[in-house]
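Just so we're aligned, residue 1 is where the sequence shown starts under full-length UniProt numbering, counting upward by one.
Please note: incorrect hints may appear among the correct ones.
The calculated EDC-like cross-link candidates involving lysine to aspartate or glutamate, where the alpha carbons are at most 16 Å apart (straight line), are [unchecked claim]: (1) K195 x D242; (2) K290 x E204; (3) K73 x E45; (4) K14 x D42; (5) K14 x E67; (6) K73 x D113; (7) K459 x D440; (8) K8 x E45; (9) K271 x D291; (10) K265 x E319; (11) K73 x D42; (12) K266 x E229; (13) K426 x E475; (14) K83 x D113; (15) K61 x E45; (16) K271 x D242; (17) K439 x D372; (18) K296 x D242.
FYI, nobody ran anything at the bench for these hints, they're computed from the structure. Computed from a predicted structure; not experimentally measured.
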Amino acid sequence: KLHSDLDKGVGTVKYTLSGDGAGTVFTIDETTGDIHAIRSLDREEKPFYTLRAQAVDVDTKKPLEPESEFIIKVQDINDNEPKFLDGPYVASVPEMSPVGAYVLQVKATDADDPTYGNSARVVYSILQGQPYFSIDPKTGVIRTALPNMDREVKEQYQVLIQAKDMGGQLGGLAGTTTVNITLTDVNDNPPRFPKSIFHLKVPETSHVGSAIGRIRAVDPDFGKNAEIEYNIVPGDGGNLFDITTDEYTQEGVIKLKKPLDFETKKAYTFKVEASNLHLDHRFHSVGPFKDTATVKINVLDMDEPPVFSKPMYTMEVYEDTPVGTIIGAVTAQDLDAGSSSVRYFMDWKNDVDSYFTIDATEGTIATNELLDRESTAQYNFSIIASKVSNPLLTSKVNVIINVLDVNEFPPEISVPYETSVCENAKPGQVIQTITAADKDLSPAGQRFSFKLSSDASNKPNFTVHDYRNNTAGIETRRNGYSRRQQELYFLPVVIEDSSYPVQSSTNTLTIRVCRCDSDGTIQSCNVEAIFLPVGLSTGALIAILLCIVILLVIVVLYVALRRQKKKDTLMTSKEDIRDNVIHYDDEGGGEEDTQAFDIGALRNPKVIEDNKIRRDIKPDTLRFTRQRPPAEDNTDIRDFINQRLKENDSLSSIDSLTTEADQDYDYLSDWGPRFKILADMFGEGSYNPDKVT
């Protein structure tokens, strides 16, 4: 109720209300000032309202007093029950947990005013789920109430929790929720075989590695706690079998590790142990977490194909072996009780198989064609054996035939080498390492030897050092090499193999002399570098070479012209002499001519000076034809000729000390006009051909 001191009760004052909820939640009587709630109030929705009131003059509408503000507070009553906002709950706890093990904490919320009375004081209790679980009335913490709860007995629990306000007193409001609790598994149970003996029947034809049976141990645990490992206990027959775990079914899968043979052994017995992989130390006292069972395997007899004595056959044959030569044999047997004969034949796949044949009864393999190792070094084919009693039962084996080499080819240098040596090389310096290759198939331990040929072993340029590991080094033997003297060296190297018969070959290495720096790095091996500085370009070198060639051509032409000129001069002189002698017009009169020549000179040769040597003709050895003896009255002529022969003999002697200057040809003038020209030509006087007529 609002009231102004200026209100005399005569209706001159009017009361107004404004603010939070005015007109919607609250209203005021304008005459009396009474405030009324026009709808229900909810503290949980709005706990208080702030309003403003004022008294005004009815006539003037002016405020009689300042506006005043007041608060209306909603008084709480217990009209809200506790609620579990997060429910329903899901929780878990390990099985076999002790009493009081924590499970979960629940919480209920009451919307009433916790500061006023007990309307919001909540108390928790279990309506369903005892005696397995308990709850703290104040905190709402749920714990186990029984020890050793076993998941294998009961796994799921549903607990009904109640929350009540007013401290749980009579008349309080209550709310409930459900808590679903699951017991989680622990490894508290060992695996157990449902029976102590397992019987299996296995055909003897079962393949190695195949599964021949399954056994299973039961573990009531769950997940990884139920994982089982199986092992074969060492003993009778266990070495022929193996066992693994199927990760999906946890069964033990027995596999064959070695082939079975009914004729050899008909039954096997061994033990299998099953154990947990993941153990919980809290339950070791329960006992060993493993179990053992016996497995008995009976081998079933089957009609089997022939069995070869070896899983694979390897044979050797020399190339060029004559056709029809037996190189080996394969053997297969029928191991069944009623042994059957075996037939052999080749598994034809390609033309390679035609190089060999096999005897169908004996299994011997022979050559069918000439073999060449250089063409094919190895043959690989299959032989099939079948039972005569049941040809459908066959077995196959691989045969490898290696063709052995006959030493036909000599070893050679494996690759062409580009060898160089520095001009400043020192003796003993290795300039190249060489290897050899042989077209023949080298047997194990074959070695190649290297040496210089006998022609080059005495030369002081290079030598070959055999490292005795199928390689050799080329070493220098001189202190320096000169490209000006020799640019290329050809070194013959003899390579021998160690097979029989020994084959050898001579391989020539070309060694080029190069210019190097002090560290041995090659700078140039070009030809022009021998004669010209390094800095000249290729164009300059070509120009210099052209100039040299032109100069050489000029010199050759000059020499040729000089020789031709000298030859022409000699020919002219000879022609002059011939003309003077042959074309002379004065003919003699024969024996009757006694005027043109003084015959007395021939008859008396002593008038000629002794030891006069003719120098006008070449002193060749004179050959004379045999003539009839002259008449007795020609003794002077004969003596003259003999004297001249002696003189000619002395002319031909290389020991003659006479020179052209010692000769005197003036006596030719005494022989008549025909020899006067010769006297003038060879005499001391000058000869003038223009004077000859």
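query = Which of the listed hints are broken here?
reply = Checked against the structure, the hints that fail are numbers 1, 2, 4, 7, 8, 10, 12 and 15, while the rest are satisfied.
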